[in-house]
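**Student:** Chains as they are written, first to last, in the numbering used here: chain A, 1 to 1018; chain B, 1 to 586.
Taking lysine to any residue pairs in the SDA-like style, the calculated list, with each CA pair at most 20 Å apart, reads: (1) A:785 to B:67; (2) A:605 to B:410; (3) A:826 to B:337; (4) A:271 to A:990; (5) A:510 to A:499; (6) A:826 to B:341; (7) B:106 to B:228; (8) A:266 to A:983; (9) A:1003 to B:158; (10) A:942 to A:752; (11) A:274 to A:262.
Worth flagging that the hints you see were computed from the coordinates, not collected in a lab.
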Amino acid sequence: MASDKKYWRSVEELNQDSEIVKALQQKEFVTEIPTDEFLGDKKALESTKTTRRDFLKYVGFSTAAATLAACEGPVVKSIPYVIQPEEVVPGKANYYATTMADGFDFANVLVKTREGRPIKIERNDLSEDGGSVNARVQASVLSLYDMKRLGGPLVDGQDVSWTDFDAAVAAKLDAMAGKDVVLLTNTLASPSTYKLISEFIEKYPNVRHVMYDSVSSSHALDAFQQKYGVRGLPSYDFSKADTIVSVGADFLGDWQGGGYARSYAKGRVPKNGKMSRHIHFEANMTLTGAKADKRVPATPSQQLQIIKALTGGSTSGLPEAMVNAVKNARKQLGKAGKRGLLVTGLPDVEAQTLALEYNAMSDAMDVEAPRLTRQASNAAVTAVVNGVIGGSVKGLITVGVDPVYSLPYGQEFAEAYKNLEFSLAFSMKKDATASLAQMVAATPHYLESWGDVQMKKGTFSLMQPTIRPLFNTRQFQDCLLRWNGSSQKYYDYLKDTWTTSILDGTGWNKALHDGFVVSNREVSMGQTVVNSEMESSSANGALASLQDNSGGYELTLYTKTGLGDGQQANNPWLQELPDPITRTTWDNYLTISAADAEDLGLENKYVSNGAMNGSYVNVSLGAVTVENVPVIIQPGQAKGSVGLALGYGKTAAIQEEMQTGLNAYPLYQNFSDVQNVTIEKVGGVHKFASVQLQSTMVGRSHDIIRETTLEIFNTKDKEFFNEDPSVEYDGQHISIRDEKADIWSPFDSSIGHHFNMSIDLNACTGCGACVIACHAENNVPVVGKDEVRKFRDMHWLRIDRYYSAADTFEEEIEMYENLGAMETYKKVETPSWENPQVAFQPVMCQHCNHAPCETVCPVAATSHGRQGQNHMAYNRCVGTRYCANNCPYKVRRFNWFNYSENDEFDYNMNNDLGRMVLNPDVVVRSRGVMEKCSLCIQMTQKTILEAKREGRPIKDGEFQTACSNACDTGAIVFGDVNDEDSEIVKLKDGDRRYHLLENVGTKPNVMYQMLIKNTSED
Amino acid sequence: MSSHYEAPIREPLVLGEKSYHDVSVEIAAPVLGRANKSWWIVFTIALIAFLWGLGCIIYTVVTGIGVWGLDKTIGWAWDITNFVWWVGIGHAGTLISAVLLLFRQKWRMAINRSAEAMTIFAVVQAGLFPLIHMGRPWLAYWVLPIPNQFGSLWVNFNSPLLWDVFAISTYLSISLVFWWTGLMPDFAMIRDRAVKPFQKKIYGILSFGWTGRAKDWQRFEEVELVLAGLATPLVLSVHTIVSFDFATSVVPGWHSTVFPPYFVAGAVFSGFAMVQTLLIIMRKVLHLEDYITVLHIEYMNKVILVTGGIVGVAYITEYFMVWYSGVPYENYVYLSFGAATGPYWWAFWALIICNMVFPLTLWVKKWRRNIIWTFIVSIIINIGMWFERFNIIAVDLSKDRLPSSWTLFEPTFVDIGTFIGTIGFFFVLFLLYARTFPVVSQAMLKTIMKSSAEQYKQLRAEHGNHTPHINEHTENPPATIIHNKPAARVETGDTAVKQVKIDSLMGSLGVFDPATQEMDDLKLISGVGPVMEQKLHQLGIYTFDQVSRMTDREYDLLDEIVPDFPGRAKRDDWAGQARILKNKKK
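With the rest of the complex left out, here is chain B (with noise of 0.2 Å):
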């Protein structure tokens, strides 16, 4: 093999050396584990909040939607910002998952997973304010070209509203398949693993009779990018959509061309904000670090500093449309020298503060880096993101064209107990997804590992870039030992020569039988650090019965084998000692 260059700015995806096992045992530990204390207090707070906030929904149904702080101006205020804020945020996911899997991303695989249940989640909490903020829920099923014995009634094809209906269920329906379809094989690893009956059961309905066959493989890849294929456009035409809402009104504010790519860019950004912040708590909590790590967030910066880019040159270019239009109705839109200087100046100025000024601190590299920051950045972008939705909604509609019926609006309890109630419920779901589903991608992740396998590097390290890459050799440790996790991997040597002077050692002192036989702690052999310990173990030199057969030879041979202390062994009479350690353990 010849030399082997490696771009110094490639990091490696997954960290710690892991082994495939590793993997599986590390994805599938919080789904077979227990759930500890801090999952349960945050558990509770999300599901009072929820409750909360189904009360409030309740409440709105059965009294009516007078029950909101609406008036005859104002039709739509938080619901409404609501809903595009969720939809909103639920645009990461597909767009991780799709769009980055046709430009072959590896570096999703270690997000896709819970970026597309965020997407699922966000979307359920979307949907329910349109349900909600009908004046007639229970008739919600209007909206659909459901045949009906009216004859020529019938939905209005014209309405964005309708389109809107189309665009999110569309959405849903194709997150939730290609969320599944990933998923299969990682549920059949956990049906695999699972020892509880009825687990092992419903995992094994949910991965869909998953056997890990090629043919499995080759479906699985072909219907992933079939899907992908399907939900890349919806990445942009769902959110296209809901801006048609009110860029095809005639509200000033509203009626804006800039719209589409706008909100589409809005959304990708809020959206990644989200999963900054949902990814950082959970690689922290479920132990992730390895697998999402600094880099993931960084590349996630990047994605947030490009469409923070775009939604903030949309920004200027309605500020700037308002001016040099100068239409006296552009006055009062959101963003416009009225709306920062008039009773919502508060709105405006967080919606420029939260979307364009913080995000520029994603350009330094050492703060887009730093976990900590990115935390509290991502968060500000939630914050004004649901401005800028605030600000297009409630904003514009507040002075519209005829003054007379220029109003404010002020949020109810029930207005913030709803919104807070859809906060508690899309918490209650994910944490119940991170406790009963493969958070991580682990199939997916395993298929890139050899790529980030930190032994070739240090390989190289030890015997220059001309050291073939291939161990002939699998190094694998018998299985019982495998959880006490081996700091570092074999570096024994490659050659055939080093293998036949292992072969010969080891014939002569006995092959360890883990099914019969005990180990025996070799540090107390004086002279056997545990760095030693370690190369012993990975000769399979486990007992003292082994160390004391061991003669000039063997300790010549050992020397070879393991140049790092050369003629200690003999030196310490290892052999002598293990025969004592031997017979006192008797």
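Chain A extracted, bound-state conformation (with noise of 0.2 Å):
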């Protein structure tokens, strides 16, 4: 409302005819200015002193400043809200439940946003089955900002608009009658998509839909089918299991969809004196063999051959000590009786069907309600591709399947693809095949769109998006629904498929709040395999041809934890993940055993400044090479196997900075992960960027990583197994946790919340889910290949990965001790390289309530915080780096250079598109100061003020860090230990607990709980 006061100027407006006031509303001035009296005084003028070089003094001067005054600020593009959307409040996250289904991860999860970006992905905790949020999942908001994804939909390489590309799709597909049409999908479980195909068929019956997994389960799937005549893949529940017994599965992985780490975690945390027992039969090193209390290095074709002698087998043949550890498994498994679970990840149609029918009596194991996550078969596909390649096929129409990359027939499926009369790829990048085809339909990423999955029978799961898409992009289904003729959205068609086909009673607005349902309603999941198609699929000729072929090497073609099957390739997070297992970042590279690199010649060398090279080789199946493939030396590696990595290599639609490593599908002939290759050593020197080199412990365990086993956790006293370290004062020896042992005096933590974090380190696999977390929340610089390479990755929370040097690391410790008095170091340092034990270890800033750096910074940057926490006050830092210096734990990071927008480091934080990733509440760091973990502060102050703001107290639990949210087997647990009730306190006061390097006296708030492992044999 305007105001009516009225301001006088002077009592002279009260004169109503005022000559002045009148004056003064006509001219500025109330008297004119004299400027003739001042520029007619001809006298005056001269006799000034304004000298002409005075005059130009000021011009110039008058010029300059202009000029400078006329540059323009930096603009920065922000717009305001014109009406604010009813739920963005600004500062305040949301969270929308939706679920990512990409054909190769499946997850229930939760997206954090803030002002209606998408910037962080978490668990959705209601969710007990709903995939695993791994290290991929909490990536994939970034891939949501991908600079390289298709700005719109085009038609031979032009851009053009949606209603022209459906006239153009129309009359094609009109051309394209009566002749065979594929529609070639990644596995999408999803009902109401499954339905629509169903429908698109019915409009254009020469077209038929194949489904088709860049990395295949096809055996397992082929083995269950023919079993129990569905075709999915059994689930498991490893907590329901006493003994594990595993041939190649990695389950912690990516195997058979992944997701095993939850229950399998439960069950292996010591409770009431018993946990699972868990032995492993593998040939690569993988996160699970890592884990097991029992880990065989065997061969892809030892392990048919130890499938087979676990089921009633023989085991002629087998080394001798295999053969041992074999008949040992088996009398487990036998005592174990229901509790029992023997799991193979053999690409063997044969060995699928042993382990179903032995687990057949396991409460372990359910096939009533199969996974559904995996539907490819390799015959169908491999139809398809003889199709493409042979001619018969005349139009291909690929959804979320990359074929000309992922396909192991590569050049020669390209240029069939190119011929093609009909090609058309659904894409969210000019990938391989999109880049060949002749029209691309640009897709929207999962979180800019709707959609469901039934991943599991019974459970079904709803996507909805959750940013208005960012570029020209319309899904498939929309897509189809269009050309099938009807003006429907898919969001509607959707709710009416689910109204009328799966809700069960419950509503759609829960449904879309939980993310899920369950419910018993069955849906049709367009199953078009046939029985027929599968016997003729049994390529078990690559395994069974191993046996018989002695000259060569079994190769493990496997998936990484950081990307995968390569759909995010262009994700540096994923990129810069390390690798769980060897610590190397932004490669893929041929695994191989000691003695094997030996007799090649093979090897890897540390240069000065600590980073390691390595050597090249060719690899040879067949008519197939791939070349210069650098070679790691993997401790643990079976003898005559190697291993390599799929979904490297990618080249098309991919930032030159992420196109690393070597594209292995070439050699994934027959969708069989298992092959029969030549290896050949090659020159050149590979540089590897490694975040660790020194892999064992050098005899340190007691004070890194404690380790007991069951049977001593069990019957001896927590001094006996898990002692405190002690310090000598007044001639005795003292607990270093007595209060005389500390020359500091304490902080008061009495008041108000005091944070501790524990660390199970049985609970903990490894998988980096919690690292990427922590990218996200805390806006951490990706660095790239050479800084890594330098040991200048910029990860708060790391996860440090240790080989024994002996067979296990108590003999490590022996080892150590007895070192001769001339022997160096070399023998603890050097891993045991037939098969080391393993153990995980994440390591973020302990916080130490007596902290090394907060004595030693000069300006007090870094300092004690009221909760616990040790506060690092970026403004402040002058960057002198003595507290990195004076880190026993190693967790600080220094910002060498400007990680965000500069040129050199051009990942997600040099655009506009990838900086909407960043999160809000945490400032990105400038370079010259000190980083390192803050327990998640952003997170913690945000729950007391909610907690404050509805007057309410915390419960425990809200308390929650990115680690520990991010954590799937619940190994990370925070909370605030003045809560007397709160679990943190119990894990405190456990006989497990310990702290890392306790004998520092530094008093970490951050805890670990020893690792147990059940060594017992019978």
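Make one complex out of these two single chains by using the hints.
**Tutor:** Here you go:
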């Protein structure tokens, strides 16, 4: 409302006809400015002091000043809301439940959005069985902001509008009538989409739908289908198994879709004196093998025999040690009875069938609600590929798959694909297939889409958009609706499908809120595979032929924690995520055993800056050769076997920095991840970027990773297996936790909150989801391969991986203590190559109560907080790096350069799109300052403030950090130790609790729960 | 006067039987004269190195510390190595000027000026590194306790880095004041001798109105003493505090109680080595052999031996403690079995060989007095001491407690360039100093000249120990020819009798007046050789005219005064010859 106030300028205004007032209304000044007086007086003008030179100075100055003033300042583009959306409150995060389903990773997730932007993926706590929110799922939010995404549909490489595109497709589809057109999709597992596809096929009966998984589980699917009649994969509950025997099944990795870590970890944390026993036979060193109680390196051909032997076959031909292991495993499996579980990852229908049959009576396997996240049949895909190459298939519509990149037939298929009459690719990017396709439909990211997924029979998940599409994209389902002649939006179609055939009493809104529903209703999942096809697919040839081929090496192809099948290869977070086993970033490589490496003259050398260089080999399989594969000598790799990761070597629509590694798909012949290859050393040196190169603890495991056996843990006192370090005081040994052992006065932590974090080394599988979650939450920069090679990664949270120098860590300590007088430490510094024990340890800032970093900072930029955190004031930091030197845990990270808005570091922080993922609650650090884990203080403060606003006490479990939140297995627990009933207090008082490097006396607020191994052999 | 016993081991501190004037002239010569070619060559090289280093520093500040070879584990390497190395070098100067002053060690006088200059220049280099090693050097002033508007924002007095700030700045300021105080009389001397008005003015300002009054000298001595008293604890404290950077930390290998004394000894050790390196060159280039003698070099070598011994003991102690403690983390500290056989074995052995083995050769007197060998050893020690700091800093950090973070260090061209740049900067400063400052503290030196004069020994050699030591007559020849540097001082008798004879002789021959007369070449007279000529000169006989006046009486007097050639003058008829020559000349 306008103000009526009147301001008086002078009393003159009271006078109605005042001349002055009138004059003022007209003019600025009451009286004329006497310009004539000034300019007319020639004499006065001449006598002024301004000389010609002064005049020029004035002119010069004013020109310069005017020029400077005219310079454009930095323009910050920001558009304010004209009408603020109801649900958006600036500064407050909104969470939406949705589902990721890209054909490889399926997971129920929570999406954190700020001011309408998705900035982080979190676990959906409500969902018990909704896939695993692994590192890739965590990182998928950054793939939303990928600069290489397609901006709109393309026809013949030209940008077109969607209307034109629809017309072109319709014309083409009509023209193709009667000709064989294949709709090649990834495993969609989406009831609505399947329904839509069947409608589409009704309209265009010449189109047939084939599903294609770039990394196939076809053998297991075939076995399951043969036995149970449903194309699916059994779902397992590892917590129900007392004895787990795995033959080449990396079930903590991506085996059969992954996601078993949680139930596995449940059984692995000793409870009431019990934990499961895990025996593992494998060729590559995997996460699962690393966690096993007993790991036996065995080549794939040996594995085949092992699984036969375990299910009643003979052990003849296996090495003696292995025979014993197999016998023991068999004995223990038998003893466990219904609580035994045998799983295998062999690409062999027979082996899979054996395992299925064995588990038939096991409590841990569920065949009633099979997993539906893998559907592809190798035979069907092979038929399509042969059709394309042979010319019988005239048209190909690909959805979410990149066959030109991921098919083993590479060039041959690409040529044939180019010559197809009709090729249409639904893709987020102009990938290898899309760049050859006649038409490309730009699809949105899952965070911009609607959708549904039935991951497991009876569990239906919903996908909802969390942001308006960033580009001119349209999802596959909307296109189908349009082409089917429907005017419906996919949202309406989806809702219709759900309300009519899925929702079982629960409301749509609740389903959308929860992200999933459990329903008993049967829904057609469009399984088109028939048995006849399957039989011809029993492509066990590869595995069978291994046994009689003695000249070569048995290659096991695997997917890495970071890149998976390679869909997110342009994601710098994932590229820089160290592989949990090799701790190497930005690469794939051939893992080989030390013995084989020596035979071939391959080496890994450490150069003068500490980084590793490796030799190259050519890997050949028949006519296919993958050239210049770098080699990493992998402790625990079965002799005679080698490993290579799929998903690397992408070049299409990939930023140059992220075109890393080599494409291993050409070796994925017959979609079998086991192959017989020959290896030949070639010249050259590969520069690896690893974040950890000292692999052993050099006999320090008592201080770093404490470990004992279940037997000792059950029978002995805490003092025996988890003794506090002691110091001498007045001639007596006192615990380091004793007050007298302390020369410092303690902080008062009794008032308010005091945060502690516990990390259970038994439950931690090293999966790396926490590392990515930390990246996303704290705006941790990506530094690139060269900088990682210089040991300058910025991860606030890292997962150290140690191998034992002897067979076990216990023996390593012995070996260290009995080192001869003139023996060098090389012996304990080198991991045991054959079969070391492996341990993972997540390490972040330990938030010491007596922090060595705090005392040494000259400007007090790092100091202790009231809630136990060690704070870092970036603004105050001058960058002496003294704190980092003095940190025994080496968790402080220095900004060597500017990592944001710097072309030298062209990752997500260097473009407007990528910066949208930044968390506005956390500052982006400038160069020259130190940074480190803050225990996600922005999250704890938010919890405190919210509770305060709502006037309620904080419940246990409300306090979370990004890593504790992301941890699927519950290994990371965070909480307030001043809350007496909290879980963290129980953990703090537990028998397994210890502190990392406790003898330094830093009194950390992060504790570890020691590792317990179930070593009992009977 | 009774007999004077001279200890046979005492050697003179100033050679060449200088007069006060000689000293003034020789010390002022480099300042007043022109630089020679070799100075320009060396200066150019140093300047190029300096500019290159400056470029590296600018590149670092503009781009980020990432241009160095550091990483997440090794946060300090060459930067702090160079810092400690230069600070260590800076220790010798103050030790020489302050501690030795308090201990009344006169030999310090020839070398203290340059040693102090070296100290200051070295501390300047040292001070650069803590500044540029910061991630944000433009905020370096935050380490100073400057009142600010942020209220509680203050420096952290717990941090050894802050102690460093105070220690180094105190040290630099005290050293500067001490240096300048000592320079005042010498600046005054140059001011008085300078011809160019500009030079006169500059040195006038620098000499702070020094007049040479007794009061000036009294105050000068008092201030020197007070400053020496202030500076002496600094010699011990500065490197002690630098060692606290490491000793108070928790890094294995740094956390060591032996560090303070060990660092101080190491600092003096390396400082003296650097003094040797510099002065051995300087005495040659500036012709100061008479002032900086083998004796000085030997004395300094002895200091090197002592401090090197302390350092050696510290090494052995460290090594022993590593073994004795049995702590696994100590296996990889810089003086341990792990270091000796690990990837940094070369740094370990460089340290042992350079700092422990080579200095041992100085126990042999012959080598200790060998200038070339001393020079070589001093350079080896400088290298060894650099490695010592590199070992402590980089090697200890490289294998810290968590093996997962173990890594190695490799310098980049910027690391190397910056280090070379500081060496260049140091030499630029030192070379400029050598041309603009009196490099030997001549005023001081003049106070010890008598005690070292060769003349008394010669006197005794001639006249026995009972010869009185006081010469009533100053024997200075006329001023204009003094620069001809007489080979020997006048050795005419000291007795009154002799003087009477001389007076009598000169009375009849006439006094030579340098203002109006010209000197003749007396050697043209047959029978007068160079020696005789000199003797005649010393008596005051310079011209043919004087000689031509000689008669039998004068011949006899001459024989009595100069007994070396009895009857020679008469025999050769010097007077006659002189008359002929005198006429010829006309």
